[in-house]
Amino acid sequence: RLEATKRLFADNASSLLELKEAQVDVASAEAELIHATKTLTACSVKAPYDGEVVNIFTDLHEMVQPGEELIEIIDSSVLIGKILLPSDELNYVKKGAELEIEIEELGKVVKGTVSNIGAVIDPVSSMVKVYVEIENKESLLKPGMIGVTQIRKA
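Note that the working numbering has the sequence shown beginning at 17, numbered continuously upward.
It should be emphasised that the hints constitute simulated quantities derived from the structure, not laboratory data. Some hints could be false.
Below, computed lysine-lysine pairings styled on DSSO-like, alpha-carbon distance capped at 30 angstroms [claimed, not checked]:
1) K127 / K153
2) K110 / K98
3) K110 / K124
4) K124 / K111
5) K110 / K169
6) K169 / K111
7) K22 / K36
8) K153 / K111
9) K124 / K153
10) K127 / K169
11) K62 / K111
12) K145 / K110
13) K145 / K127
14) K98 / K158
15) K145 / K169
16) K127 / K111
17) K98 / K111
18) K98 / K54
19) K62 / K36
20) K145 / K98
21) K54 / K110
22) K98 / K153
23) K110 / K158
24) K169 / K124
25) K127 / K110
26) K111 / K145
27) K98 / K124
28) K158 / K127
29) K124 / K145
30) K98 / K169
31) K145 / K158
32) K62 / K158
33) K62 / K145
34) K153 / K110
All chains should be built: construct the whole structure from the sequences, respecting the hints.
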């Protein structure tokens, strides 16, 4: 519209007021475009790390509030296994020790490294929690799988 109004004004077929109105309309449209671009940029969401989607808490085109949870993702490249170890076998496990764990769902044996040994023994069961880091680069393991290990008594 601005270009057409400029030509009409040059031919004395349009007034200065109409030309100025067309210029104001262009400036207004440019401002709206800048606002829409900023709004669109604010609508993009990037995960803080690579992972797999566990749950989606919103629907397509749903308006969400700032800070509202959108998606639950997990990084399963390294999993933490929890072993309940009888307290009388505590002397046979050290931090950094390598363990072989048979994963029942896969029928495979994976290796893990003891990363932490619990500081408290459960008084009822006489068990202590031992945490094992398990590499999962091929994503064969899924959180929640069950495994069995043997503690080698040296």
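Here is how each hint holds up against the structure:
Between K127 and K153 the CA atoms are separated by roughly 12 angstroms; this keeps the pair inside 30 angstroms, and the hint holds. A threshold of 30 angstroms between alpha carbons decides the hint, and for K110 with K98 the separation of about 15 angstroms falls inside it, so the pair holds. For the given pair, K110 sits about 24 angstroms from K124 by alpha-carbon distance, which is consistent with the 30 angstroms threshold. The suggested pairing of K124 with K111 holds, with an alpha-carbon distance near 24 angstroms, which does not exceed 30 angstroms.
Restraint check for K110 and K169: satisfied, since their Cα atoms lie roughly 12 angstroms apart, inside the 30 angstroms limit. Our distance criterion of 30 angstroms between C-alpha atoms is met by K169 and K111, whose separation comes to about 15 angstroms. As the CA atoms of K22 and K36 are separated by approximately 10 angstroms, the hinted pair is consistent with the 30 angstroms bound. For the proposed pair K153 and K111, the alpha carbon gap of about 22 angstroms is at most 30 angstroms, so the pair holds.
The suggested pairing of K124 with K153 holds, with an alpha-carbon distance near 15 angstroms, which does not exceed 30 angstroms. Proximity of K127 to K169 is assessed by CA-CA distance (about 18 angstroms); at most 30 angstroms being required, the pair is judged to hold. For the hint pairing K62 with K111, the CA-to-CA distance comes to about 36 angstroms; that exceeds 30 angstroms, so the pair is violated. Distance check on the hinted pair: K145 and K110 sit about 13 angstroms apart at the alpha-carbon level, within 30 angstroms; holds.
The straight-line distance between the Cα atoms of K145 and K127 is roughly 18 angstroms, inside the 30 angstroms bound, and the hint therefore holds. In summary, the hint linking K98 to K158 is supported, as the alpha carbons are separated by about 14 angstroms, within the 30 angstroms threshold. Our distance criterion of 30 angstroms between C-alpha atoms is met by K145 and K169, whose separation comes to about 18 angstroms. Our distance criterion of 30 angstroms between C-alpha atoms is met by K127 and K111, whose separation comes to about 14 angstroms.
The suggested pairing of K98 with K111 holds, with an alpha-carbon distance near 14 angstroms, which does not exceed 30 angstroms. Proximity of K98 to K54 is assessed by CA-CA distance (about 46 angstroms); at most 30 angstroms being required, the pair is judged violated. At roughly 43 angstroms between alpha-carbon atoms, K62 and K36 are farther apart than 30 angstroms, so this suggested pair is violated. Annotation: proposed proximity of K145 to K98 holds, straight-line Cα distance about 6 angstroms (limit 30 angstroms).
Only pairs whose Cα atoms come within 30 angstroms are accepted, and K54 paired with K110 is rejected, the gap being roughly 54 angstroms. At most 30 angstroms may separate the alpha-carbon atoms for a hinted pair to count; K98 and K153 meet this at roughly 19 angstroms. Between the alpha carbons of K110 and K158 the distance comes to roughly 26 angstroms, so the proposed pair stays at or under 30 angstroms and holds. With a C-alpha separation of about 23 angstroms, the suggested pairing of K169 with K124 holds against the 30 angstroms cut-off.
Among the hinted pairs, K127 with K110 is consistent with the structure: their alpha-carbon atoms are about 15 angstroms apart, no more than 30 angstroms. A threshold of 30 angstroms between alpha carbons decides the hint, and for K111 with K145 the separation of about 12 angstroms falls inside it, so the pair holds. As the CA atoms of K98 and K124 are separated by approximately 18 angstroms, the hinted pair is consistent with the 30 angstroms bound. About 15 angstroms separates the Cα atoms of K158 and K127, which keeps this hinted pair within 30 angstroms; it holds.
Our distance criterion of 30 angstroms between C-alpha atoms is met by K124 and K145, whose separation comes to about 23 angstroms. Only pairs whose Cα atoms come within 30 angstroms are accepted, and K98 paired with K169 is accepted, the gap being roughly 20 angstroms. Distance restraint check for K145 and K158: the Cα-Cα separation of roughly 20 angstroms lies within the 30 angstroms cut-off, and the hinted pair is therefore satisfied. Taking the CA atoms of K62 and K158, the gap is about 23 angstroms. The hint holds against a cut of 30 angstroms.
A distance of roughly 35 angstroms separates the Cα atoms of K62 and K145; the hinted pair therefore is violated under the 30 angstroms criterion. A threshold of 30 angstroms between alpha carbons decides the hint, and for K153 with K110 the separation of about 25 angstroms falls inside it, so the pair holds.
Violated hints, listed in ascending order, are 11, 18, 19, 21 and 33; each of the other numbered hints is respected by the structure.
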